[in-house]
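Chains D and L supply the protein sequences, listed in that same order. Residue numbers for the first sequence, in my numbering: 1 to 392. Residue numbers for the second sequence, in my numbering: 1 to 214.
Keep in mind that the hints were calculated from the coordinates and are not lab data. Errors might be hidden in some of the hints.
Label-pair restraints from in silico Cβ distances [to be verified]:
id	chain 1	residue 1	chain 2	residue 2	range
1	L	Glu187	D	His390	52 to 60 Å
2	D	Ser61	L	Asp42	54 to 62 Å
3	L	Asp42	D	Asp154	52 to 60 Å
4	D	Thr121	L	Glu31	54 to 62 Å
5	D	Ala151	L	Asp42	48 to 56 Å
6	D	Gln229	L	Ser167	54 to 62 Å
7	D	Asp309	L	Glu35	47 to 55 Å
8	D	Thr121	L	Glu132	49 to 57 Å
9	L	Glu132	D	Phe64	43 to 51 Å
10	L	Glu214	D	His390	49 to 57 Å
To give an idea of the chain D side of the interface with chain L (calculated C-beta under 10 Å), a few residues [unchecked claim]:
id	residue
11	Gln33
12	Gly120
13	Ser128
14	Tyr131
15	Ser132
16	Tyr203
17	Pro206
18	Gln207
19	Leu248
20	Leu253
21	Lys256
22	Gly259
23	Gly282
24	Thr305
Short derived list, chain D residues pointing at chain L, Cβ under 10 Å [stated by the list, open to error]:
id	residue
25	Pro28
26	Thr32
27	Leu35
28	Asp122
29	Arg124
30	Phe195
31	Phe198
32	Lys244
33	Cys281
34	Val329
35	Ser330
36	Val334
37	Thr337
38	Tyr368
39	Ala371
40	Thr372
All values derive from a computational prediction rather than experimental measurement. Ideal Cβ positions, reconstructed from N, Cα and C, are used throughout, including at glycine.
Chain by chain, the residues run as shown.
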Amino acid sequence: MNFKERMLTAMNHEEPDRVPVMGLIMDPATVTQVLGKNATNVVKLLDKPVVGRAVRKLLDSNRFWDRMYFKNFSGALESATRLGFDANWAIYAFMQVYKGETKEEGTALNDVFGRVWTMGTDDRGNLSVDYSQALCPTEAGWDRWVEEKSALFDQVIRNATSFHQKLVDAHGDEIMPIGYAAPGIFENSWQAIGFVDFTKLVYENPQFIKRVVEFQTNFYLRYLEGVMQSGVEIVLGGDDLGQKTGPLMRPDLIEKLYGESYRRVADLVHSYGRKFVFHSCGKIYQFLDRFVDWGFDGIITMEPTADMDLKRVREQVGHKLVLIGNLDVSHLLVKGTRGEVDAAVKKAIQDAARGGGYILSAAHSHPYVDATRLRWMVESAHEHGRYPIHSS
Amino acid sequence: MSDDPREKLKSCLLNLDKNGLLQAVQAVVAEANPEAAQDAVDALAEGLQIVGRRFQEGEWFLGELVYTGELAKEAMGQLSPLLKSSGAESKGTVVIGTVAGDLHDLGKNIFGNYAASAGFEIVDLGVGVAVEDFARAAREHQPVALGMSCLLTVCAGSVGKVIEELSRQGLREALKVIIGGAALTEEFAKDVGADAFAPDAVTGTDIIRAWSCE
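Turn these sequences into a full structure, and let the hints guide you.
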């Protein structure tokens, strides 16, 4: 079987030749480690007077983000191919230089949805870009934002379509690029408003929240269509519904606010003959049955640090969902020993891979995830993941 | 609904009834009686403890925790001028902040709200707080506890650096250190020498409340 047949067989809950392995490589630090290319430190360049001005101008241009994201994920797909993965995700985002008043003026970006992202470097010098502020905490502010940015929403869809298309064209013969449509409807709803204000508005101005959800749903469906036009066969939808100890919001409330939206998402993806895999961090046992009900084909993440146990998830959902992920990125894939990585891979395969429907992967990614550990993970998967899977 | 003002406050809070809650608070404020205000604050604190229990038992979720915390904050804002004039006793100061490089503040803010409602004075240093700023605040405010939040794995190293700096400046013995956030674990807390790891804001408040009784 080739990588594509292996992935699609597992997605259909059938047993391929061996358990497929999917990469979540995205951080320049990992790409640099694998390909030996040095990433440019944009934040350091911003400190230089002349170069900094030029970089800020670049950061404000559509062309820059188009090229930067393609270059970054092209590197990620090449890295994943070299490490032996069958697939790797690809994420597109469009940013502008944030011109509001912040103490870090010039190092903050905003996306089209109304979030501020602050650029910085971690203590190893890696570039970090983190959600730091909501720009639309009120109904009037949100309405104004959406009106002002209406043309950009279409631009984002066009860019995402071409981004995925170029990656499929450039790498599709060697590895499966997994289209990642994120952030999702829930995150796009609350992150522009801020979680505290969003929560207040849910209880105090539900009609407004209904409008926000409707807007984000319609945008997301168009975005997904764009991603699917590129030829990707599996689409990931990123929308964190959980935090470390449980759901962010009452599952009944999520059903009421978003259930229909998620059903429309799954229906749309299926109408294109594609598979929809839902990414959610956190402890999300209480959503698993809903994911099945909403029509999702699979889930990815299952963070061990949020108490997500792969065996328990498989027992709860059976083969109604394809499971992807669960390998720890707090210790195991950062500084775990080869023995620890091997044991974790073996356990994951034992817990979830019988009958197909399991794709081995890290639970998440961050710059400290070590490429050598990723290679060990792939090698162990090749060793222990041959079907049929026997009890250990 | 009960006519007892304490029960009414608690019940409005637990029913997420903002209008009812603020009406009940207004009635207390109109009395201008510090004892009644203290009763009202105690009722809110009791209500939040019930919310916390429901959250820990998985019956309630972060959204409800946040919303009740905000309702209580608004109510406390109206009641606190009366309390200050009565000289009500604080359980001590708690300095909180999100470590350098990390800008997430939700967990920290919920903890701040709950701890304030439990009777602590909160000094919130905000997000992306440098090691030396935590140490400076510890020296300046002499807190009973210092809380650090960290969601990003790549920033977790800062937690240990703050504790080292507190020790280096001779400030560590005088306070307890509590840490929380998605990037941290109980084991990590032991490794860096923190006194406690809080998996959530409610547990964190329970921990510092227990410390204040020691």
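Right, here's what the structure says about each hint:
Distance hint for Glu187(L) and His390(D): a CB-CB separation of about 33 Å, inconsistent with the stated range 52 to 60 Å. Here the CB-CB span from Ser61(D) to Asp42(L) is close to 58 Å, well matched to the stated 54 to 62 Å. Asp42(L) and Asp154(D) have their C-beta atoms about 55 Å apart, which keeps the hinted 52 to 60 Å range intact. Under the hint 54 to 62 Å, the C-beta atoms of Thr121(D) and Glu31(L), about 55 Å apart, fit the expected range.
Our hint of 48 to 56 Å for Ala151(D) and Asp42(L) holds, since their Cβ atoms are close to 55 Å apart. Taking the beta carbon of each, Gln229(D) and Ser167(L) are about 58 Å apart, inside 54 to 62 Å as hinted. The hinted window of 47 to 55 Å between Asp309(D) and Glu35(L) holds, with their beta carbons roughly 51 Å apart. In this structure the hint that Thr121(D) and Glu132(L) lie 49 to 57 Å apart at CB is violated, the actual value being about 18 Å.
Range check, Glu132(L) to Phe64(D): about 36 Å between beta-carbon atoms, so the 43 to 51 Å window is missed. Distance hint check for Glu214(L) and His390(D): the Cβ-Cβ separation is about 54 Å, which falls inside the suggested range of 49 to 57 Å. The interface hint given for Gln33(D) is violated, since its Cβ lies 15 Å from the closest Cβ of chain L, which is over the 10 Å cut-off. A least Cβ separation of about 6 Å between Gly120(D) and chain L falls short of the 10 Å threshold, and the interface hint therefore holds.
Interface hint at Ser128(D): satisfied, since its Cβ lies 7 Å from the closest Cβ of chain L, which is below the 10 Å cut-off. Nearest Cβ of chain L to the Cβ of Tyr131(D): about 7 Å, under the 10 Å cut. The hint holds. A distance limit of 10 Å between C-beta atoms decides the matter here; for Ser132(D) the minimum to chain L is near 4 Å, and the interface restraint holds. Using the Cβ-Cβ criterion of 10 Å, the hint placing Tyr203(D) at the interface with chain L is satisfied: the shortest such distance is roughly 6 Å.
Checking Pro206(D) against chain L by beta carbon gives a least distance of about 12 Å; that is not within 10 Å, so the hint is violated. Because the closest C-beta pair between Gln207(D) and chain L is about 16 Å apart, greater than 10 Å, the hint is violated. The beta carbon of Leu248(D) is positioned within 10 Å of a beta carbon in chain L (closest approach about 5 Å), and the interface hint is therefore held. The restraint placing Leu253(D) at the interface with chain L holds, with a minimum CB-CB distance near 7 Å, inside the 10 Å limit.
Because the closest C-beta pair between Lys256(D) and chain L is about 12 Å apart, greater than 10 Å, the hint is violated. Hint on Gly259(D) is violated. Least Cβ distance to chain L is approximately 16 Å, over the 10 Å limit. Checking Gly282(D) against chain L: minimum C-beta separation of about 8 Å stays under 10 Å; hint holds. The interface hint given for Thr305(D) holds, since its Cβ lies 7 Å from the closest Cβ of chain L, which is under the 10 Å cut-off.
Look at Pro28(D): its Cβ only gets to about 13 Å from chain L, farther than 10 Å, so that hint breaks. The beta carbon of Thr32(D) comes no nearer than 15 Å to any beta carbon in chain L, farther than 10 Å, and the hint placing it at the interface is violated. At its closest, the beta carbon of Leu35(D) sits 21 Å from a beta carbon of chain L; the interface hint therefore is violated under the 10 Å criterion. Interface restraint check: Asp122(D) against chain L, minimum CB-CB distance 4 Å, threshold 10 Å, status holds.
Given hint, Arg124(D) at the interface with chain L, holds; its Cβ is 8 Å from that chain's nearest Cβ, closer than 10 Å. Annotation: Phe195(D) was flagged as interfacial toward chain L, and the flag holds, the nearest CB pair being 5 Å apart, inside 10 Å. Below 10 Å, beta-carbon pairs count as interface contacts, and Phe198(D) has one with chain L at about 9 Å; its hint therefore holds. At a threshold of 10 Å, the smallest CB-CB gap from Lys244(D) to chain L is about 5 Å, leaving the interface hint in force.
A cut of 10 Å between beta carbons decides the hint on Cys281(D): the least distance to chain L is about 8 Å, and the hint holds. With a least beta-carbon distance of about 7 Å to chain L, the hint placing Val329(D) at the interface is held under the 10 Å criterion. A distance limit of 10 Å between C-beta atoms decides the matter here; for Ser330(D) the minimum to chain L is near 6 Å, and the interface restraint holds. Interface restraint check: Val334(D) against chain L, minimum CB-CB distance 8 Å, threshold 10 Å, status holds.
For Thr337(D), the shortest C-beta to C-beta distance to chain L is roughly 16 Å, which exceeds 10 Å, and the interface hint is violated. Hint status for Tyr368(D): holds, given a least beta-carbon distance of 6 Å to chain L, under 10 Å. Here the hint on Ala371(D) is broken, as its CB sits about 16 Å from the closest CB of chain L, past 10 Å. Below 10 Å, beta-carbon pairs count as interface contacts, and Thr372(D) has none with chain L, the closest being about 18 Å; its hint is therefore violated.
Consistency note: the structure conflicts with the earlier hints numbered 1, 8, 9, 11, 17, 18, 21, 22, 25, 26, 27, 37, 39 and 40.
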